[in-house]
Amino acid sequence: MEYTIANVAPIFLAPFFAFALNCLLIKKAPKLVDKVSVLGILVAFVFAIRIAVDFTGVANTDYYIHKVFTWFDLGETFKIDMGIYIDNMGAIMLLMVTGVASLIHIFSTWYMKGDVRYERFFLYMSLFTSAMLGLVLSDNLLSVFIFWEIMGFCSYSLIGFYFEKEKAGYASIKAFMTTRVGDVFFLLGILAIWHTVGSVDFVSIYNAVQAGAFGTTVSFLGMEVGLAAFAGVCIFLGTIGKSAQFPLQVWLPDAMMGPTPCSALIHAATMVAAGVYLSLRMYPMMVAGDLLNLIAMIGGITAFGAATIAMIQTDLKAVLAYSTISQLGYMVLGIGVGSYNAAFMHLITHAVFKACLFLSAGSVIHTVHTQEMPEMGGLRHKMKWTWIAMWCCTLAIAGVPIFSGFVSKDRILGDALYTALHAGLGYKYAVPALLGFLGAFLTPFYMCRMMFLTFHGKPRDQHIYDHAHSEHLKLNQNVPLLILSVFTLGMFFSGSLTGLGKIPAPVVPTEWFKTLVDSPTNNLERFSTYTKQQFGSVDTRENRVLEKTVYDSEAMTGYAGPNPDNKDGLHHAHVEGAIASVVIVACSIFLAFLMYIRGTIDPGKFVKMFSGWVTALKNKYYFDEIYIDVIIQKGLLKFNNFLAYVDMGLYDRYAIDGWEKVSRTLYRASRWFDDNVVDNTVDAFGVLAKTGHAVLRGLQSGLIQIYFIVLIIALAIMTVWINFIV
Amino acid sequence: MFGLEWYLGISLVLFFVGIAVILSRKNIVAILLGVELILNSAALNFVAYSRFVTQNLDGHIFSLFIIVIAAAEAAVGLAIVIRYFQINNTIHVDEAKELRG
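Heads up: the protein sequence lines correspond to chains L and D, in order.
So for the first sequence, the working numbering puts the first residue at 1; every next one is plus one.
So for the second sequence, the working numbering puts the first residue at 1; every next one is plus one.
Don't read these hints as lab results, they were simulated from the structure.
Ideal placement from N, C-alpha and C gives every residue a C-beta, glycine not left out.
Partner residues aside, some chain L positions facing chain D, computed with beta carbon under 10 Å: (1) Gly702; (2) Gln705; (3) Ile712.
Under 8 Å between C-beta atoms, here's a sample of chain D residues computed to sit facing chain L: (4) Ile19; (5) Ile22; (6) Leu23; (7) Val93; (8) Asp94; (9) Lys97; (10) Glu98; (11) Leu99; (12) Arg100.
Cβ pair distances, simulated, as ranges: (13) D:Val53 with L:Asn723: 14 to 24 Å; (14) L:Ile706 with D:Asn88: 16 to 26 Å; (15) D:Gly9 with L:Asn723: 14 to 24 Å; (16) L:Ile717 with D:Thr54: 26 to 36 Å.
Using the sequences and the accompanying hints, generate a full structural model.
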């Protein structure tokens, strides 16, 4: 396939134009708005399919497009090229985002029907999706940052969509401000990279990393920090903010104040995926900065901590929100243990099943008009299709074999186990691996608890149960869920039924995901052969395919992931990990079954046993309290008041008011000077002119003979003067 | 027998007669005649100095130019007078004081 601007740009532009067109239509033709939005994302989906098919067509090769145009040019040192950069990872990401987003759009036409601001919702959704697609297509950190911020704005608008509710308004502000903390560091990281490399596009950064350009140190707050570590930490802080990692995870649970389809978009396809995607793109930087252990720790803590909170939630969407944080923790853990391919695969599989879970939750909430699970129960008789779809996704997220979560999550856990046991790095990685496995035990438990409480057992609130409508198969209610639940099967991602690559499935005989999406650190050298092309030039697949090369650079000082040569160790770790997690999942589901279906174990006993911990969980480990009471009230507010005092008490009072006094005096003096000296001088000239006029006017009589007499007299005087006096 | 003094004397007489004419007559045409007298007195001076002092033809040529210019000046002056008469129906010099300040 030939690539020009015409068949790449529409992926981003179709939803964006849908947004722009809807801005015009929203008052004039509100009936068209949802159709335009859905059409926009479907067009993008079609183009994304084309690209994904082309990119994933031939295994064992690496295919990329990198096209640029100059955005602005202010001389050598300040030139920004904007452009499109797609490689295999970007192509798969585009397919996922457009596919999931289009199903969410279609579902929204059912869920939001009759809502107060139905049209405006689609407006934001289109902009949100287009920003995410723009981010995926970006070839440099600066345009990533631009789209990143557009997404921040859209999430703010969508979380605060029901702004009549006070909580929704506060939740939107909380989300915006929390992610802003990460964004500031992200911008700092971009500047550090720009300063070092002189460019912010990915390929230049990879080349600079390969050339060891980040070997120098920078002085930061008096400490000497390695430049790669500094820039890497800054960019990873952006990820922490956007992908709701510990310690900036507080915004995501509140983000469910928005409408449920927008939660699906935020939690699955767009917002939180962007953070992980950025870290994957900047992975060589993380390795060069030796940050993987830190990343693994953060991921492990997030994965386990969020899972524990999810266990005691009673709100259906809150369980899903915490499970999102937990699963994002697994992705970050995957990056941290160098499991690049599996982390990205988990991003894709998670996007599919989490979108489906949220849409199913939306379907339930719309039917029963409550979010509290204690008021539900027994809904499987009323909502058959939603029940099936949601069980598929629950099994996927739980990591049951055959489903996609098993394929991706157990690769991450296998790599974590390998790193902890076989990589010879001591026990630095033991804690993340342990936290990962503990989280893997909790995940099936809280997900099955949610399913049992919602769909199984007897209806706990007969009134709600009786008023729930029985579900029929609807194109924009259940069909998107069922489509998504089909793709929770693991074979779509691994090419084999078990996910272990043993049984070749008839459709895709190779493990295409593992082949195509390879860690850049394994073959960073190939980026030196990448070239930018101006827009307008045509390139085809033939002249863009590179054979993969294996790379081993001195610049890569940090741990860069499992050594692919150690096949035995890897195999053992993965088999051990897989067996362990299957056992864990089985125990966990059985425990949930005993607790919530059979009732042989009373959950209340555990609550009593761990009452202190449960209180902490109910308060979300006191993070909100720490941030608000300690950091904001005790720290930032005091600082704010101090700054206000400096501004108003000192600066305004002495500098501004003092200057006012000085200028008032100056004004008086200059006014006196103006009134007396300047004005009198001007008046004197007036008097002079007036007098001179009176004299000279008499001479100008108009009588020619008088003039002549004057002339003669003047001549006579001159003659006498010249002859007798001079 | 007639030296330079004679010529200068006649020239002086002509000059003052011209001035007297300009100052005393109220008819614009008469004033123009006075101007002609003054011009001629100057021309006479040139010729006289040329003859008695410098002994060359420079003064003669100057006087020829003066005669030509006097003719042109008279023509222009008379044209103005005729035009003025057509408009104001008079050539009395005291009536012509539109340029009074």
